[in-house]
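Trainee: Here is what each chain is made of, one letter per residue.
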Amino acid sequence: MSTATVGIVLVSHSAELAEGAANLAAQVSGGTVTIVAAGGTDDGRLGTSAAKVERALRQADHGAGVMVLPDLGSAVLVVKAVLEDFSDPGSVLLADGPFVEGAVAATVTAAAGGDLKAVAAAAEEARHARKL
Amino acid sequence: MPASFEQAITLAGDLHARPAGALAVAAGRFAAAIEVTAGGHTADAKSVLGVMGLGATSGQHVTVSAAGPDAQEAVAALIAVLSEATKVAGP
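Line by line, the protein sequences give chains A and B.
Those letters in the first sequence? Residues 1 to 132, per my numbering, in order.
Those letters in the second sequence? Residues 1 to 91, per my numbering, in order.
In case anyone wonders, no lab produced these hints; they're calculated from the structure.
Nothing here was measured: the structure is a model prediction, and the numbers come from that model.
Check each hint, because a few of them may be wrong.
Cross-link-like lysine to any residue pairs, in silico, SDA-like; alpha carbons within 25 angstroms at most [unchecked claim]: (1) K87/B with G73/A; (2) K117/A with H61/B; (3) K131/A with V81/B; (4) K87/B with T32/A; (5) K131/A with T57/B; (6) K131/A with S4/B; (7) K131/A with P69/B; (8) K131/A with F5/B; (9) K131/A with G13/B; (10) K87/B with G31/A; (11) K131/A with T63/B; (12) K131/A with A3/B; (13) K131/A with S58/B; (14) K117/A with G73/A.
With the rest of the complex left out, here is chain A:
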């Protein structure tokens, strides 16, 4: 495919959780999508970092936009604050979905060439998927 794929940013209170979800999503989707983990505070504690989120948004954007998936509610506040000052907020969609399932579903949709809206929809629809 000649067009760029949508990038994914995973924002978690835990660096390990963000990295782990990114690794899992990369493995399941075949490794063709840029997934950037933004977990933990700048000094390595549990929490979220505006600086990390902003860096991740820039790293993940290859021209097709970036979908951001937060793990818990307060990560949303940090992402929203970053987007207020972001140079190109129209290229970013904040998705409301389960962290692991949403990351996997969104990344697979991006790998198949889905656009930003389709990728965010995949993350949000993941809440309806049954495991059992």
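Position chain B against the provided structure of chain A, taking the given hints into account.
Mentor: Chain B only, in chain A's frame:
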């Protein structure tokens, strides 16, 4: 009435996360509506979570059916993915 096609395969391995991902990525590139059926359950082939939720295992019969302009190519491509991806061991 769009053309519809269907083909079945016996899995050489379990339909774990990675093969399910490969299947959904391949399916997402087609315009056709594509379904995967195993053990009496059907999932949208473009939904990786749906495909994983089938819990299809080695030796099980899986049917791929598609309807739409590129349905025939889609079924052939997905049967090939299922045949290859379930040969690889691991999750």
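Trainee: Against this structure, judge whether each hint is valid.
Mentor: Cross-check of the supplied hints:
1. K87/B with G73/A: Roughly 41 angstroms separates the two Cα atoms, so the pair is violated.
2. K117/A with H61/B: 34 angstroms, violated
3. K131/A with V81/B: With a Cα-Cα distance of about 23 angstroms, the restraint between K131/A and V81/B holds, given a limit of 25 angstroms.
4. K87/B with T32/A: OK: K87/B and T32/A at ~21 angstroms, within 25 angstroms.
5. K131/A with T57/B: The hint holds at about 15 angstroms.
6. K131/A with S4/B: 29 angstroms, violated
7. K131/A with P69/B: Violated. K131/A to P69/B sits at ~32 angstroms, over the 25 angstroms cutoff.
8. K131/A with F5/B: This hinted pair is violated, its Cα atoms lying about 28 angstroms apart.
9. K131/A with G13/B: Roughly 20 angstroms between the alpha carbons, so the hint for K131/A and G13/B holds.
10. K87/B with G31/A: 19 angstroms, holds
11. K131/A with T63/B: Status holds; Cα separation ~21 angstroms.
12. K131/A with A3/B: Given that 25 angstroms is the threshold and the Cα spacing comes to 32 angstroms, the pair is violated.
13. K131/A with S58/B: Within the cut-off at roughly 19 angstroms; holds.
14. K117/A with G73/A: Since the Cα atoms of K117/A and G73/A sit roughly 21 angstroms apart, the hinted pair holds (cutoff 25 angstroms).
Checked against the numbered hints above, the structure breaks hints 1, 2, 6, 7, 8, 12 and satisfies the rest.
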